[in-house]
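Chains as they are written, first to last, in our numbering: chain A, 1 to 447; chain B, 1 to 447; chain C, 1 to 447; chain D, 1 to 447.
Incorrect hints may have been included.
Because identical chains cannot be distinguished in the list, a pair is counted as satisfied if it fits within a single copy or across any two copies.
[What the hints assert, rightly or not] Below, simulated DSBU-like cross-link-like pairs (lysine-lysine); rule was C-alpha separation at most 30 Å, straight line: (1) 382 to 422; (2) 422 to 250; (3) 33 to 382; (4) 172 to 264; (5) 382 to 149; (6) 9 to 267; (7) 149 to 221; (8) 295 to 9; (9) 9 to 345; (10) 382 to 2; (11) 250 to 221; (12) 221 to 172; (13) 33 to 333; (14) 186 to 18; (15) 333 to 18; (16) 298 to 18.
Hints were generated in silico from the structure; no laboratory data involved.
There are 4 protein chains.
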Amino acid sequence: MKACFEASKIWMQLPAPKRGEIVRQIGDALRAKLEYLGRLLSLEMGKILPEGIGEVQEVIDMCDFAVGLSRQLNGSVIPSERPNHMMLEMWNPLGVVGVITAFNFPCAVLGWNACIALVCGNCVVWKGAPTTPLITIAMTKLVGEVLEKNNLPAAIFTSFCGGAEIGQAIAKDTRIPLVSFTGSSKVGLSVQQTVSQRFGKCLLELSGNNALIVMDDADIKLAVRSVLFAAVGTAGQRCTTCRRLLVHEKVYDSVVDQLLEAYKQVKIGDPLEKGTLLGPLHTRASRENFENGIKVIKSQGGKILTGGSVIESEGNFVQPTIVEISPSADVVKEELFGPVLYVLKFKTFEEAVEINNSVPQGLSSSVFTRSPEVIFKWIGPKGSDCGIVNVNIPTNGAEIGGAFGGEKGTGGGREAGSDSWKQYMRRSTCTINYGSELPLAQGINFG
Amino acid sequence: MKACFEASKIWMQLPAPKRGEIVRQIGDALRAKLEYLGRLLSLEMGKILPEGIGEVQEVIDMCDFAVGLSRQLNGSVIPSERPNHMMLEMWNPLGVVGVITAFNFPCAVLGWNACIALVCGNCVVWKGAPTTPLITIAMTKLVGEVLEKNNLPAAIFTSFCGGAEIGQAIAKDTRIPLVSFTGSSKVGLSVQQTVSQRFGKCLLELSGNNALIVMDDADIKLAVRSVLFAAVGTAGQRCTTCRRLLVHEKVYDSVVDQLLEAYKQVKIGDPLEKGTLLGPLHTRASRENFENGIKVIKSQGGKILTGGSVIESEGNFVQPTIVEISPSADVVKEELFGPVLYVLKFKTFEEAVEINNSVPQGLSSSVFTRSPEVIFKWIGPKGSDCGIVNVNIPTNGAEIGGAFGGEKGTGGGREAGSDSWKQYMRRSTCTINYGSELPLAQGINFG
Amino acid sequence: MKACFEASKIWMQLPAPKRGEIVRQIGDALRAKLEYLGRLLSLEMGKILPEGIGEVQEVIDMCDFAVGLSRQLNGSVIPSERPNHMMLEMWNPLGVVGVITAFNFPCAVLGWNACIALVCGNCVVWKGAPTTPLITIAMTKLVGEVLEKNNLPAAIFTSFCGGAEIGQAIAKDTRIPLVSFTGSSKVGLSVQQTVSQRFGKCLLELSGNNALIVMDDADIKLAVRSVLFAAVGTAGQRCTTCRRLLVHEKVYDSVVDQLLEAYKQVKIGDPLEKGTLLGPLHTRASRENFENGIKVIKSQGGKILTGGSVIESEGNFVQPTIVEISPSADVVKEELFGPVLYVLKFKTFEEAVEINNSVPQGLSSSVFTRSPEVIFKWIGPKGSDCGIVNVNIPTNGAEIGGAFGGEKGTGGGREAGSDSWKQYMRRSTCTINYGSELPLAQGINFG
Amino acid sequence: MKACFEASKIWMQLPAPKRGEIVRQIGDALRAKLEYLGRLLSLEMGKILPEGIGEVQEVIDMCDFAVGLSRQLNGSVIPSERPNHMMLEMWNPLGVVGVITAFNFPCAVLGWNACIALVCGNCVVWKGAPTTPLITIAMTKLVGEVLEKNNLPAAIFTSFCGGAEIGQAIAKDTRIPLVSFTGSSKVGLSVQQTVSQRFGKCLLELSGNNALIVMDDADIKLAVRSVLFAAVGTAGQRCTTCRRLLVHEKVYDSVVDQLLEAYKQVKIGDPLEKGTLLGPLHTRASRENFENGIKVIKSQGGKILTGGSVIESEGNFVQPTIVEISPSADVVKEELFGPVLYVLKFKTFEEAVEINNSVPQGLSSSVFTRSPEVIFKWIGPKGSDCGIVNVNIPTNGAEIGGAFGGEKGTGGGREAGSDSWKQYMRRSTCTINYGSELPLAQGINFG
């Protein structure tokens, strides 16, 4: 940490386009190892290989994006109301950015944060999940090699393997003005309180409880395929996993039937094997959590339409599960981190939006429809209150060009594209008087 | 509050340019009463009349600015990596914005927040300071009249006179997704914790401890005039008041001498009277706070160069005070809300920046110099860590076109110009599939 | 002209927000005379009163918009690849902007140009149409009064009544770096050649030949109402008038029948009278032009479905006309400035787009549909090639917040909102070295 | 050309980030051949090797920049004044972009244009200089290979070797909506007229006549080194070459003396040889042009301080030349494409700016000073009227992050960074009505 803090003084003074060149080389180093890293990730996390490779590809995409960004971290020249004055909005590095990531995206979330943080002129202190040390070490070595090849201290990118005590240390460290945290709402809130106490800033990516709405005019086939990817993909362990499926009463039976049919085809097994769609849950604890969740669901009136059990075998495999349940059941308001999908029926679009917005989380949401009116209402002031608001695509699978993150209990942070970079810099409003008079704003006369 | 919440459903669906038209009319209503409101403000708060009128003028400026903004609350169309997909970044209203303001700017801070919040489609719930009820009532009536004239519910702009219990209620109310708070770091932190518990957002404008640096190549006359306005203006009760004067050793004696001379000329008295530069402190408590502050200063080795006493008379008048003290004294790290200026000596620009950055607050700062190198270093990565970074002008007196606010203990919020409006809206990343295929991001194949 | 050129030296040095304040006052002066100016405009130009008032309102809207803009004419601070270097993109005034407007919008087009030009720091030299001198004089007096009340030279806003010789003089005058011209493609091209010879710039708003496409899934009632406004409004003398109606074969008969029915209801007469929808053409020459046009149409196989004749009475009244004709007829490629609508039949959306794009002009276009796929294709790379691309609204009736103008023969200029202001300023890329070394870009070593 | 036009239909429908990936691969292909291409360029054009390599590096930088840009070609979502309406500003590809480059930057200017044009979705038709066919062929092959490796038609990037007749064909071809031309003001103007006749657009980069001002408070050593690079680099054949040196009378003798001293050290010879600073002129014609220029200079009173002759040897070598001359001499207003520097004396900054702005060209300019007042005036409304406005660096050596180009006779186009990409796309203002009502803008009632 000390080395990292020292390194930040060098790194922040390198011109941004030079920092971009380093990030470009990091992207190339990852590209050379794409297949290998994808397999490692798949092996360690448990997600299927195409998703493992896709996740590494996302970091590479982020590197390419950040290279361009390194020449576009633009401030503004703002017209001053005073003669011989110039007003500038400047963006400067923060110093060191702490990044705490979770097991489900052990690599992509780091990429979103680190690529941007680095071109913005910050060093990175990364704590990966305690259960994914290999990918943490592999990434750190690759980045370190690039830095050293360029005669820069490897401490610019520092990482720790470990648990909550490391997280706490980062949250408390006054040398880390920004902590980017991905994880549960509960832990996120506690990190935020620790960080604010010392006047630091947080970027939070917390729980999601994402609904997918199927209107009566939807392309049902497209919707069903999307739900399958959104609810079963990554064994339901994405923060953007579809957890609630809201179906218009007119197409309810048809959608549920087709979905049950699709669930039957899902190949469960070794994530590295071709054709597998559903790998194991990440840990034994996740499996237990699933079992407990199912109990609670049943106790709150949920009806299991398919699945609902763990699979007795080596590995933490569970059945992909569909549950019919009332939107007002308490369990529906929470995030159950596994392949469990609640199906709910609605009558009008307004009702569907209300259900969508009725949970504490606000990450992702999706509607399937062919009506322009529904589309534009959905993305407007009375539509979804989430950070991600999709149409005719699943709740998951975001592109890096947009800002990723959510509202309410999801924490409000934004990562990857758009102007997310601004969170990794400090902004200053600079007014320069280059004349010899002292006119005051608002035309005030003093003395 | 209930009326306000209901009104928000109407207000957020009015097209933004129509909301801008209402704000334009509010500006005109204020313009018609500029002189009157300025006097009222001066009378109630205690600031001198030109400052009172200047403060109301600032609200009018904000209205004019917000009108234009109402057609420029732009989202983005972002290129999607998938064929037949469109990616949009949308900005939608939050609903209701709580605004808690302090006694020192009973009107301008409301203006920064309310003008922007309103055009963004939010209703406003305002709590003014308990000691400035008249200006709160006057403003509320004027705005209400404009709303009613346009057949809109006056509850769109709702205000409360009262103390901490009202503040608490606002902080806890889940119908208020954003609370904008101006006040001390301590109270601000507690508001933030209450609001985050319920997953709301805060915009904080907290304490400042603002330094003004005089380099050896500065225009001394300009610097001295600036310090006078920055340290004595508003009786030192601005959040941007200059509290620390850092002078290069080569010009130290000359600056201090001229400053002492200038302090002698300061006319103390009735703020409504022409020529007065220093009115009373706002309350008896402020006066006591000043007296205690002076005691602490002395106990920590501070040497009073001028002033240092309260003035025995009707009203809470105190002497404008200059103190010579070591930068390492504890009292220098705190904000003493009155006309007390610490003078400190430095040898190099780097040392001055270090002192500038050594306090917990990060609001405003200023350097006086004729050197381009110093100017650009000052506004760069190794310069001032404040939100406001001035050159050859005082620490106070911001223009509305820039973003106002500060880093670290100052809370990180930004008000008025630049893209401050984004804090008053929720952002959503919308991806619309208008084709009939389902390509996934990062080229993933699923099923 | 000389006075104007001299005045530009004063005006460009006034801070932009101060210029905005002047424009705000101009808006207020117009607002006070809205009804009166609207009537004058209606009387002189011949458009119906609601359109006359709407046109003046548009100038007022532009003033309000420009006031906000005066604090947002932002340049950029761009990261430099060299240490101790700062890169800025600055926007500075041009000096004097020439504005040549046409009879059909004697006031709004001036407003689009002048409001922006003025806040950008330019003086304006305006040549109104020779046939609308009264509105030119009225506007000029109102603006002049505001300027003088603020102790500014009235020459900042200078206007001429007159014909082509004045236009020529403006085009040739080297003191006018930018000429904004609205009129025919032919004259526009000749203005451009004259201006480029002296290395000046042009902003051209030339002919339109605007199509409205009705798909088979359209809301026919909405479409018919829109066509009526778009084809008959302002007696077909808008540059955005709908001249070509492309109807899907499946709904062709229904659309044409309803349209013919609607045309029967159109009240022709005194534009100042309530209920009138169609006033006279602007001049006797316009009427003759209409008559000739009808002859050519007939000679090229056009079939008159309704109208087709001048009305023998006082004033230059003609019948609103609908013509069935082949898209390949030569006359369809040209702009006939009157209430003549060509109706064409198509089979597929692709065919409709092809017809839409097959004319030399590229101003406005519109599709009526309920299909998201059609909507997004229409506004995408293979859709309409026009500058204005509408959905479910007429081709005319633009809002000021967007950029107004068209491609190809329409000249490429953009007026009113978005970043149109950039055309009224000169951009400079400034690189400031504040260090003492001389590193070169692209890492070059020289000497 | 036909193949290119056909290919454009495929290319423009590829999502922009996919096009970015192709451009990234082009950058990598160039990077692999950097040294080789640099030598080829040096050999064929005649510039010294570090400049040859630097030029290729600039194309690589452009590729990296364009990759990021491919996810940031953002349109806008603009608030509509009408309920249930959405306003979008969309940017779509043009189709085919013609790029005509000159001998002096046979590769970088292509890179500025092609990298941006390609990610924007356009195919490129390139005409290199007739005297640099090898670099044209080498570049074309490299790009073509990348395209083919990705199963894309190589015709996406089409090039021609040849002279004016090819240029004419491009200018006339209606399938090329944008022609980017780099060359003389005279030819540029004629290209523009041809292109406008067919309603196409031009992006012009024409002559420069660039001044460097040395104030009396300048760092003289820095200034002299800069002039050397700016006036002698590339044998004075850059469009940004410093042609006019304006020196404050107080430092005139000192600057001229040091400059004469520096000129003595300039090693003239084989551009591929280490240490050479001045290679030959590009062609025999350039050499003759130099000789004629010197004659004219002498006839107009110019006094040769050093150089002034061609060097009798193999190759088109000439002496680096300094001329003392009056600013009012006609020859000073023209661009003489060789290492000839006019030295002029001035008294005040205002006078220097006036001389700087007194030529028909407006490309680059530079001031050397230590005064903030001079710096900010120089970049402000009354400062340099050029597109490039430098401080304490030479007139040449632009970074790609800023926009490159100039005003007045330089043609007004902008290439490389900032928002230059907008010139390579067509903009449309789209208003979508998704409701069932038809409210009109400006509140108009019709029918």
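Results for each hint:
1. Taking identical chains as interchangeable, the C-alpha atoms of residue 382 and residue 422 lie at most 30 Å apart whether they share a chain (28 Å) or sit on different chains (18 Å).
2. In this assembly of identical chains, residue 422 and residue 250 lie within 30 Å of each other by CA distance neither inside one copy nor across copies; the values are 45 Å within and 39 Å between.
3. Proximity of residue 33 and residue 382 under a CA criterion of 30 Å is satisfied in neither setting, with 46 Å inside one chain copy and 37 Å between copies.
4. Taking the shortest alpha-carbon separations for residue 172 and residue 264, neither the intra-copy value of 49 Å nor the inter-copy value of 47 Å comes in at or below 30 Å.
5. Within a single copy, residue 382 and residue 149 get their C-alpha atoms only as close as 53 Å, which misses the 30 Å cut-off; across copies the closest is 26 Å, which meets it.
6. For a Cα distance limit of 30 Å, the shortest separation of residue 9 from residue 267 qualifies neither inside one copy, at 52 Å, nor across copies, at 40 Å.
7. In this homomeric assembly, residue 149 and residue 221 never come within 30 Å of each other (Cα to Cα): the closest approach is 51 Å inside a single copy and 35 Å across copies.
8. In this assembly of identical chains, the alpha carbons of residue 295 and residue 9 never lie at most 30 Å apart, being 54 Å within a copy and 40 Å across copies at closest.
9. Only between protomers do residue 9 and residue 345 lie at most 30 Å apart by alpha-carbon distance; the minimum there is 26 Å, versus 57 Å within a single protomer.
10. Proximity of residue 382 and residue 2 under a CA criterion of 30 Å is satisfied inter-copy only: 19 Å between copies versus 49 Å inside one chain copy.
11. For a Cα distance limit of 30 Å, the shortest separation of residue 250 from residue 221 qualifies both inside one copy, at 15 Å, and across copies, at 28 Å.
12. Taking the closest pair of Cα atoms, residue 221 and residue 172 never come within 30 Å of each other, the shortest separation being 50 Å inside a single copy and 45 Å across copies.
13. In this assembly of identical chains, residue 33 and residue 333 lie within 30 Å of each other by CA distance neither inside one copy nor across copies; the values are 41 Å within and 51 Å between.
14. When the C-alpha separation of residue 186 and residue 18 is checked against a cutoff of 30 Å, the pair qualifies neither within a copy, at 39 Å, nor between copies, at 39 Å.
15. Taking the shortest Cα distances, residue 333 and residue 18 never come within 30 Å of each other, neither inside one copy (47 Å) nor across copies (37 Å).
16. For the identical chains of this complex, residue 298 and residue 18 are neighbours neither inside a copy (57 Å) nor across copies (47 Å), given an alpha-carbon limit of 30 Å.
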